[in-house]
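Chains as they are written, first to last, in my numbering: chain A, 192 to 426; chain B, 35 to 352; chain C, 37 to 448.
Read the hints as simulated data drawn from the structure, not as lab findings. Bear in mind the structure is a predicted one, so any value in this text is a computation, not a measurement. A virtual CB, placed ideally from N, CA and C, is assigned to each residue, including glycine. Some hints could be false.
Said to hold, decoys possible - Simulated restraints, written as ranges between beta carbons of each label pair:
{"no.": "1", "chain 1": "B", "residue 1": "SER181", "chain 2": "C", "residue 2": "LYS230", "range": "45 to 55 Å"}
{"no.": "2", "chain 1": "C", "residue 1": "GLN437", "chain 2": "B", "residue 2": "SER181", "range": "41 to 51 Å"}
{"no.": "3", "chain 1": "A", "residue 1": "GLU276", "chain 2": "B", "residue 2": "ALA142", "range": "20 to 30 Å"}
{"no.": "4", "chain 1": "C", "residue 1": "THR125", "chain 2": "B", "residue 2": "ALA98", "range": "46 to 56 Å"}
To be verified - Covered stretches of chain C (chain B as the covering partner; in silico rule of three or more C-beta atoms under 8 Å from a C-beta of chain B):
{"no.": "5", "segment": "123-130"}
{"no.": "6", "segment": "253-265"}
{"no.": "7", "segment": "270-281"}
{"no.": "8", "segment": "296-307"}
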Amino acid sequence: MPLLDVRDLRAGYGAILAVKGISLHVDEGEIVTLIGSNGAGKSTTLRAISGVIRPRGGEVTFDGQRIDRLQPHAIVRLGLSHVPEGRGIFHSLSVYENLLMGAYTRGDALHDDLERVYRLFPRLKERLRQPGGTLSGGEQQMLAIGRALMARPRLLLLDEPSMGLSPVLVETIFETIQAIRREGATVLLVEQNALMALEIADRAYVLESGEITLAGTGAELSRDDSVRRAYLGEG
Amino acid sequence: MPVALTLSVSFWSDQFVNGLTTGSLYALIALGYTMVYGVLKMINFAHGEVFMLGSFAGYGALVAMGGNELSGPVIALAILGAVIVAMSASVSASVVIERLAYRPLRGAPRLAPLISAIGVSIFLQYLVLEQTSARAKFYPDIFPRGSIGAGPFEITYIQLFLIASSVAMMALLYAVIQRTRLGRAIRAVAENPTNASLMGVDVNRTIVFVFILGAAMAGVAGVLYGLFFQTIRGSMGFIPGIKAFTAAVLGGIGSIPGAMAGGYVLGLAETVGRELLNELPGVNLGNQWRDVIAFTLLVTILIFRPTGIFAQRSTTRA
Amino acid sequence: MFGRKGRSRFAWLLLAASFAMVLAAACGGDDDDSGSGGDVTYGKAGFKTVEIAAGQPIKIGYSGPLSGDLKGIGEPILKAIELAAKDKTIKGHSIQIVAKDDLCSADGGASAATQLLQEGVVAVVGPICSGAVVAAQPQYEQAGITHVSPSSTAHKPTYPDRGQVFETFLRTTYSDDIQGPAQAKFAIQTLGAKTAYVVYDTDAYGTGLRDAFTKAYEKEGGKVVGSEGFEKKQTDFKAIVTNIKNAKPDLVYFAGFYSEATPFIKQLRAEMKDVKFLAGDGVKNDEFIKGAGADAEGAYLSLPSPVYTGEAYKTFGDLFEKETGIKRDASPFVAEAYDAATVIIRALEKVAQEKDGKLVIDLKKLNEEIRKTELDGASGKIKFDARGENVGGETPVSLFQVKNGAFEQLKQ
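Please put together the full structure from these sequences, using the hints given.
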């Protein structure tokens, strides 16, 4: 049984249907990536899964439980963390408080988790008392991922973690994602940077105008001609 | 322009203490406005009536415990009991108002909850006016009279008690907001409810807690008001409510330290500020000008500094 | 909360509102003319003739506070009026008192007038409070309905701002122009108070009393060391008390009603136990003693009404106590109210004509008849001058002091 199973999902805003009945699944321990151009419906898919917007139709099952009618805070409690596009840092809360917010659903000791985040992102440890809003873009992304890890999620939804970052930072972020997977988490990654996403992904889906047009392993898709033309910048 | 103050030092210190006293009440009530605005971007105009209901509940409790017959150390217990009853009444009223009048309108255009709030305010005000035949009730006159002095400062026991308990309540609230898990959740919801929900925060529940905290402060203010001014009536929430809203705007609406500071600035402006203006040649503003001063201040702030006199960067707002 | 544009529009609205308040405060403050007598010119009253069908009652209106803090004044007065009309018939028509609650406010007075005019009253007792009288006078004048107030003591109703006197207004009580000087004399000569601090309600009653007292007090050689106004329903008098403490007057003079005098004296006594306190008819009410308790002790109160000793007062008092269960001196103006209603009913008896089975009342004639009244009333002799002022008796202002929780009349 897959950890996350999405069937015939439809979602959108107002009169616009941005996701028109897609099905995908993520197995425990996998990194799965969803690639596609701007406006293809990638972020909408993640938002519908985590409950930020209510799906218009279809089913979302997490760990055997239907979650498509649940509030986002209830979904988080089941072990599904969503790092939204734009990172969702609380600007007025300190870095430390942001990390504590990540562990909001947990009542147990946090020391080990904090140490783990500091190990992954030593930069954060230097800035614990600083308001989140004063961090640079790369630091904010680290904080967003670190904060999501504080919940000890079984599935991490990452929306465009590389957006707006320098190539060196992008490299760091992708290494971190792999490190996270090695520590046992499952990742569903949405990326415009298809090249790097496919490099680290076990499997991938291509989303076009709200529909899945291709699916396969990361390696298969990165060899596919149409994918190379459309997303990897080769003509 | 240098103006020689013609009045005695003890006069100014008395007026200063008066300003701190009313300022404390404004500040306590203002917290409710500012916190609700912080999370919902909505002005809870019924908050003045939540304060009024607390005051009436405290009155009922004191009367039930013996009213004017109370004497000796029992008075301290009776006041504590009245405060607890008042807080419970204010909190229950506020929770019901939130559930019935505001939550169904979440997501509606901003004017809708505002109008709903005004409706609730008028409803509660007239309900109590009707129940009391629109007559004033007099708080039991039990607080010991007398004062203590330090240099030019002379402060009556009741004023000291009022200021001290207000400051203590505000310190407690500030600690809850800054140091607890609930406080963090409130600040997170105030900044971005969607992101807060992605952290596992139940936004609706947190909003209810915001109403509870604000109402608790208003309930305490209600009893303090009754003990100090001794006269309460169904319409008593209106002016302090608007003044407290003014205080919240002065301090920058949404900001908790701002609301506290705004309360004191307003209290002092109405007393010390008015007397200072009276020191100018040819100026004689009677007591009836205090509301004019308060609302002129509000309008000036709205025009020239809508983010409040202590405007901070929004990133450091608590 | 507000968009950029919305915010500034909201701000301008508030700005305009606060300017309006400033203006209201500035204009409310001072009365220009305080001369007495002078030429009296009337405005144009809209007298009509009304017909009352057979079997229908004649309606007389009442406008006064029947709820709220001042219910304690308005309700006994209504009872006295009902007593005057009880069992009276005029050419087979009974008399019905139509009572409207005006809350003692200007708004309430105007709205009660509108309602009473719609009800088809032929005359009105009231309004009770001067603020309501001033607001209602134009409406009654326009409709040609004569109204007799048993209790409005302010200067303004008989000396209106517009200059022309209201032909339709009369009162059976006395003007503050009498109460103020009597209080001033009492303060100087009996109490020996050389300095006074004046605290006043900013309505027509309070400012009228303030002016009458201040003028007479200074003429008597006293010095007003400070003066501050307050709004109705105000409860916070701390800043005023501080100013009084600073001014150290011999006397605090309060021009207002008991609803505000109660919290005021409690806050005053908390800090100044011994300063003398003098107030007028608006405060002389049992509610004041009930509310202020021990703090009311020693307070001086005046009442611009006769020392009720006449035979007519005794008859009225006995009847009133028997019929209503309210003591005759528990609340002021009940005898004046009884007289006001009696004046109207007597004039009606003379003016009302039967015609084709209907009762015809010429409102102009009714007005003239009321003005001509000379009556040995419950509250003393009644006779009106051209302004509608009662000049029947040379009635002293009586003075009282609160002692052991009761009003004790002082000998003068």
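How the hints compare with the structure:
Evaluation of the 45 to 55 Å hint for SER181 of chain B and LYS230 of chain C yields a failure: the beta carbon distance comes to about 27 Å. Separated by about 28 Å at the C-beta atoms, GLN437 of chain C and SER181 of chain B break the suggested range of 41 to 51 Å. In this structure the supplied range 20 to 30 Å holds for GLU276 of chain A paired with ALA142 of chain B, their Cβ-Cβ distance being about 27 Å. Between THR125 of chain C and ALA98 of chain B the beta carbon distance is about 52 Å. The supplied range of 46 to 56 Å therefore holds.
For a cut-off of 8 Å, the count of residues in the segment 123-130 of chain C with a CB near a CB of chain B stands at 0, and the three-residue condition is violated. With 3 residues bearing a CB less than 8 Å from a CB of chain B, the segment 253-265 of chain C meets the requirement of three and the coverage assertion stands. Chain B is given as covering the segment 270-281 of chain C, and this holds because 9 residues of the stretch bring a CB closer than 8 Å to a CB of that chain, at least three being needed. A count of 6 residues in the segment 296-307 of chain C with a Cβ less than 8 Å from any Cβ of chain B is obtained; the coverage claim is therefore met, three being the minimum.
When held up to the earlier numbered hints, the structure conflicts with 1, 2, 5 and fits the remainder.
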